[in-house]
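Student: What follows is each chain in one-letter form.
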Amino acid sequence: MENSFILTLLLLLPIVGSLLVLLLPKENHQLTRIAGLAISVVIFIVSMFLYFSFDPANANFQFTQKIEWVKGLGIYYHVGIDGMSILLVLLTTFMTPLALLSTWSSIDVKVKEFTFFMLMLEAGMLGVFLSLDLFLFYIFWEAMLIPMYFIIGIWGGKNRIYASVKFFIYTMAGSLLMLVAIVWLANSGTTFTTDLLELYKQGPTLEPSKQNWLFLAFAISFAIKVPLFPLHTWLPDAHVEAPTAGSVILAGVLLKMGTYGLIRFNLPLFPEGVREYASVISILAVIGIIYGALVAMVQKDMKKLVAYSSVSHLGFVVLGIFGLTVESMQGAIIQMVNHGLSTGALFLLVGYIYERTHTREIADYGGIAKIVPLYATILLIVSLSSIGVPGLNGFVGEFLILVGSFKSPILGSPYYTIIAATGVIFAAVYLLWMYQRVCLETVKNEKMNLLTDLNTREMITLVPFLLFIFWIGIYPSTFLRLSEAFSSNIVSTVMGALAK
Amino acid sequence: MDFNISDISNYLPLVILASVILVSLVIEMYVKNAGKILPWLTIISFLVIAYQSLLSVGNQGVFFNGMLATGGQVNIFYFIFNFGAAIVGLLTVDYLKKTGIYHGEFYILVQSAVLGMMMIASARDLVMVFIGLEQMSLCFYILAGFARKRPFSTEAALKYFLLGSFATGFIVYGLGLLYGATHTLNITKLYEVFTFEQTNILGIIGLTLFFIGFAFKIAAVPFHMWVPDVYQGAPTTTTALMSTGGKAAAFAALILVISPAFSKERAVDILTPLIALFATLSMLYGSVTAILQTDIKRMLAYSSIAHAGYILIGLAAGNKEGVDGMIFYLAAYTFMNLGAFGIIALIEDKEEKNLSIKDYSGLGTKYPLLAGLLAVFMFALSGIPPFAGFFGKYYVFIAAIKADLVWLALVGILSSVISVYFYIRLIVVMYFSKDECKLEVVNSNSAMIGIIVSAILIVVMGILPGSVINLISKF
Chain A
1 MENSFILTLL
11 LLLPIVGSLL
21 VLLLPKENHQ
31 LTRIAGLAIS
41 VVIFIVSMFL
51 YFSFDPANAN
61 FQFTQKIEWV
71 KGLGIYYHVG
81 IDGMSILLVL
91 LTTFMTPLAL
101 LSTWSSIDVK
111 VKEFTFFMLM
121 LEAGMLGVFL
131 SLDLFLFYIF
141 WEAMLIPMYF
151 IIGIWGGKNR
161 IYASVKFFIY
171 TMAGSLLMLV
181 AIVWLANSGT
191 TFTTDLLELY
201 KQGPTLEPSK
211 QNWLFLAFAI
221 SFAIKVPLFP
231 LHTWLPDAHV
241 EAPTAGSVIL
251 AGVLLKMGTY
261 GLIRFNLPLF
271 PEGVREYASV
281 ISILAVIGII
291 YGALVAMVQK
301 DMKKLVAYSS
311 VSHLGFVVLG
321 IFGLTVESMQ
331 GAIIQMVNHG
341 LSTGALFLLV
351 GYIYERTHTR
361 EIADYGGIAK
371 IVPLYATILL
381 IVSLSSIGVP
391 GLNGFVGEFL
401 ILVGSFKSPI
411 LGSPYYTIIA
421 ATGVIFAAVY
431 LLWMYQRVCL
441 ETVKNEKMNL
451 LTDLNTREMI
461 TLVPFLLFIF
471 WIGIYPSTFL
481 RLSEAFSSNI
491 VSTVMGALAK
Chain B
1 MDFNISDISN
11 YLPLVILASV
21 ILVSLVIEMY
31 VKNAGKILPW
41 LTIISFLVIA
51 YQSLLSVGNQ
61 GVFFNGMLAT
71 GGQVNIFYFI
81 FNFGAAIVGL
91 LTVDYLKKTG
101 IYHGEFYILV
111 QSAVLGMMMI
121 ASARDLVMVF
131 IGLEQMSLCF
141 YILAGFARKR
151 PFSTEAALKY
161 FLLGSFATGF
171 IVYGLGLLYG
181 ATHTLNITKL
191 YEVFTFEQTN
201 ILGIIGLTLF
211 FIGFAFKIAA
221 VPFHMWVPDV
231 YQGAPTTTTA
241 LMSTGGKAAA
251 FAALILVISP
261 AFSKERAVDI
271 LTPLIALFAT
281 LSMLYGSVTA
291 ILQTDIKRML
301 AYSSIAHAGY
311 ILIGLAAGNK
321 EGVDGMIFYL
331 AAYTFMNLGA
341 FGIIALIEDK
351 EEKNLSIKDY
361 SGLGTKYPLL
371 AGLLAVFMFA
381 LSGIPPFAGF
391 FGKYYVFIAA
401 IKADLVWLAL
411 VGILSSVISV
421 YFYIRLIVVM
431 YFSKDECKLE
441 VVNSNSAMIG
451 IIVSAILIVV
461 MGILPGSVIN
471 LISKF
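Here the protein sequences come in this chain order: A and B.
Position 315 of the first sequence, counted from 1, bears residue number 315 in the numbering used here, the numbering being contiguous throughout.
Position 353 of the second sequence, counted from 1, bears residue number 353 in the numbering used here, the numbering being contiguous throughout.
This is chain B alone, in the form it adopts within the complex (with noise of 0.2 Å):
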């Protein structure tokens, strides 16, 4: 055993996680007004685990029998979780009060899928992604049906399980097929003995499968069903959670246990197919439905479809640059979605109303600061510079091309020229629509701030991506 107590300073984040899980519900029994307390507590304790990591982000390290790593990438994955849970909590605490959906749960809930979702991210063995994973993922199905009186919320919950243990399902039997074939769910030592070659049969199905699993969980095409209904039925926060943090875990475990394989003779044979497949189905799919869609949260849900697509752009291209583009895509896309989807929730009113993208015309003159913001978000979801998105495409297309991928590149450019058509939608309609608004927002001084530290951040990667893209690169 290496179990060391002065290792305590590496996983310090997760320490810290798990204890003010402990703590908050404690509070959220004993304490009175656990309303006024929780919320902050949780906003606080992510802000502070965000700022640790990155403190300790050089300090690198294995424990536990290799079951954790801690530094690198791990450490910019948990700044990614626990910055995004920070603005998702910010969203979150007039709009549970508005919409009338309060309960102590939903931060703790929160807490325990962020701690998921970092667990996976630091996971160096399989059965340890897959508990992150199960951890997060049965947070979410419950947090997906919070809003337990609307049907909709009820069906968005009993979908998103149920196809999701069926996920699970795909994953765990990939599990057991690679460990059939490597005797070992370690990802180092499995890479020791795993090759591309027929004789290894079982272990590239198992391999399949697991990537299969977590298709379904980044939303890419054909495992996509799930999406439009749960981002539509689940309280706006959630979807916010679950679009950007969520996925940006499951991606995670893709780089971790994916893109090793690379390394070995043939991958480049069988893998890149295999994920630039779901790459393109995903982009085109995305992005030609969520022309059709009225409902705006049913749009961002087909566009983060699209966006999956893109991500696994760089996944196919299997090189550091892939990695490296993943990353940065991840940490824009996740700031661009709370963003707008921060918007959407302050503008939604009770019993799910104001959702329709018709809805917001006239908001460019009756609300400037929340129009020019969310037009701000789209040109960055639609990869527009000066914005960060755009850097992220530019930088999973290098990838691409670095691997003789231009043709997924071009699929790339095609999708992103259709998907031009329903982000700049929603400026003609804010904008150029001379409707009378007929929104009343009830104003969120804390939903308001954590829109705007989203969009500073998405100006800021975008026109000085250089000290991101070191940090990252640099692992």
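Chain A with its partners taken away, still in its complex shape (with noise of 0.2 Å):
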């Protein structure tokens, strides 16, 4: 399908959408969040069209559409999409309504100013899923920090401007390295450019030591965004200090964008660079796993735990990305999505009871359960996900990745997944002693008693993240379906490369 213009149409509307918003009177809150909310509805109904005329068993990017940008650079407007990108963008546009829709209450200054932005970033990450031109690509992964940086900033918590400043810069630094990269790479073929189809061709016949350069300068700027340990500590930071629904996509689909990028960009253009540094990428990967839970383990606020829980799962993906195999790269893949949607369904969760009692700290909290039982329940459920119990969603994911790392060829060595598989029986210590101590025990804090369950907006938002979480966790074909002919088509890209 040449020149399609449904995935431009997906990029205009939370840009217009985000402009009209602007212009509603600044008193009308309701009006404000109601509009917000029917523009995402739009783009989640829109991307569902996407997803019924996707072709699964194509490799190549379909619904491209490609515009000569500036002539001279040779940059274009081009953008795709692919049996990866396509589950990201779904889920990116199945966050946004369910964030803003979890906002209704807890925003209530400025809600014209937080919607444009979340409708903005909204855009940044279609954006940056979408693009098939590298400077395209890096354009929405740096505008879409602004955003983020005033969602943090203006509707955080106590600490958030250092936070915001912090991640901030961080991830700054990470992304210019990167642009040098990009323009060294745009400038190492004939013509000056930086078509991605054009460079995938050229990014293998560098030499290896120029690929292990180019690959270290994407790698790290990536390996922030996930965050790979040691570069987490932005994480923990912006988590705390952020809204709600900020951490929501965040943790959702924000640090989709650091693993997205090495698959899309590290592995099949610089296969050299794979070679030389997979098994350092890994060793950090089960390191990350590892520190993550037990860091978790020890914190005493509910979404600190929950920030560095992500740490310890995002480590499961890089490794399921550089074990190579068609099954870890397919358990990669649908551990992203996973993980967007038992973080983001825990974030809300916290959001709600902080909503109530305005205190994260676990230990202010017990026996919670007989007083909100419902929302013991979908707790008891999201968390068993996250942990990765068989029939929720986490077990499929890292069952791949475990399954398809032990027996890769470029790993060598089964010990990264022996010890990996430990972060699982962590995750549960972790996880499950939270929930001990918050919803089981006795009543400790008279305050509880007065708590209420949650209302039907409260469930509007989570039945979402439950209906899915036990979709992938009972029926995977539909989403792996979708990336499987991807997921082969790179390994096989990328192995063959490193053949030679």
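Keep in mind that a hint or two might mislead.
[Stated by the list, open to error] A short, non-exhaustive set of chain B residues, derived as facing chain A with CB atoms under 8 Å:
| hint | residue |
| --- | --- |
| 1 | F63 |
| 2 | F379 |
| 3 | F432 |
| 4 | P465 |
By construction, these hints were calculated from the structure, which means they are not laboratory data.
Using N, Cα and C, we set each Cβ at its ideal position, and we do this for glycine too.
Put the two chains together into one complex, using the hints given.
Tutor: Next comes the structure, spelled out in structure tokens:
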């Protein structure tokens, strides 16, 4: 399908929508909220159309559109979608309306600005997943920092200024390194171009030493975003200070941009770099799995616990990517979605209880299962999904990753997997222990008796999460089939290049 | 003599501006309410000249015995100067009244300064460069001290004058040596004989001195000491013009004189390290020192030093992309800086009040439009897409990498990361601080027009840089 307009429409909708939101009257918060929600729902519906007309058997980019943008510099407006990006695009369009709906009551200052930034953020994230030109990709990648920075900085918690500035500078430092690598790569061929499909041909033909350098520059930038140990220190700060919707989007989608970048750019562009650094990155990923889990275990703050669990879970994804087998790649891709669902839902739940009690300290809770049974049930399901209990979504991804990386020829050793697998046990420890201290035991805090259970709006935001948690857990083929052709294609491309 | 009256259409922009200066002098002397006429006459003539320059951009030629050239890049510079000056005019109208320093001479001096800039850009002879530079600088010396009752302004003027004359000395000395070495001051002829061989040591020293003199004018480290004091002390809209048009003109001279040298053998061994050194020092020193500032004008002064460094990357690269990138960067920088200074001028109160960064706290709540625009300018200055500042950086990085100067691009990155901190600190103050905003901004429609036009330009140049780049790289 050449020159289809649908992806451009998908990109334009949130941008136009956010500008429309700016025109609404300042005082009418309700109208702004409804408008924001309506726009994001429309975007979701458009993306559903993509899902239905996507051809999973085709490993190439679909719905592409290519327009020359800046002539002399070989920059194109080039968008397209494949088996990996369609899942992430759907994840983005799915999470945004739910995130907007979740803030209905918690955000009551500058609602208009908030909605504007959320929609801009959505445009940025979609742009990152759709771009097939490195320059275009970079624009979205960087521009997306601005709305996230404002969301943390204006609506965040006490320490929001420190967190937002740290987030901004940390990510910016990584991205700028990538920018030089992009220019260098674009200049390496006969004509200067940033068109990805063109560079896919050029990248692997470069000298190994150059590939290694470029690989590192890209990988550092993505590793910061993932975040890979030891570049994760911005994440707990940003998560804890961000408002609930910000955390949901941050964990749900933003972190996936790092792993997406590793698959989309690092693997096919610089196979020599993969050969050189796959084991180093996998070791860091395994360290991240264990370290994230251990640190999560000792957290007193629920949100911080969930934040560190992200470090651990994304370690699995990175391990899956560099396992470079079809199974581990499939697992990594589905695990990106899973982590978005489980952690997104966890952040929602922590946010909802925080709205009621204004505390996130685990020690302040206890025994609330009797007071808010619905809440406690959902928290249990989501925690189990995050742990990776069979029948729920987390299991599918982690299992595939572990199976794939166990027999991975690139890693060449089962020890990565063996150590990583203990991370699953730790996950059970920290999540169930938190659940025990929050929901079970006896009610220690008198105030907890006044808690109200989830209301309808909150249920509406959570039910879709639960639906997919079960769906992926029980019948993952719906989603795995989308990325199957893509996964086997990328693995064979990279392995083919390495075999030479 | 090849003077031909029919050529006048080529140098029409210069002629128009010179006539406007004369007319303005007469108006200022004889017309009663000159204060109402002069600003608008100035703004409109700048706009007309800017339009005319773009219109005749393809009309290239050399006139007056090879002294002046027009068309191509020259006209693009004309456009930057005049359009920028028109925005400065818009910003100034109410600013001068508010601060109580209105004198009709202000506009005439601005016009003369712009004429000087245009002469620099169109010069094809080193003497012409010098005359243009002096014309521009003299006007700036006076403009810096325009608020003559304020001690800071007077100090700024004096400092600028003393150090400026010192720098001029370097340039004249350099010209002398160049003439001694090559027996000509015509740039084209000069490079027919100029070499980077050891036998031409006199010429090389001359060229270096010339570069150092202009390093002072563009505010490159280590010749930057005047910048913070002058930028801070001068009336804000004067600073706006100095930091944009003035800087662009000095870079135009460098492009004119230094870039052709790269076609010579061994130029890369001698010129590139020298310029790259200046660029490195400027970027890092400017960015690091800006973090420490509490006064917003001083902060932008150090940011201006850092930006001089980024633009010098293009010069150090010494290739076509470098020159194109510099011109694009200068255009982008002109509009982002004008916008930022425009907002500062609008917020500034009598007696130089409201210039500290702290004064901006809570601006986002009280004046959302102003704060939003200032945020756009700050993001643009820090080089974040999709604004024009990013594309400027991208362009000079391309030039650096094509010239195998990857390390210089990496220094540029390091400096950009550092500089993000102080640019976004202003946003932190405006939006994230919970303090009550104490500012009372007196609205000025003309200034708002200028600021909004700048904002639109940097967004459009950032998202659709194609047509601008085509125009620049055509010549």
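Student: Confirm or reject each hint.
Tutor: Here's how the hints hold up against the structure:
1. F63: Violated, about 30 Å.
2. F379: holds (6 Å)
3. F432: holds (4 Å)
4. P465: holds (6 Å)
Hint 1 alone, counting from the list given before, is not met by this structure.
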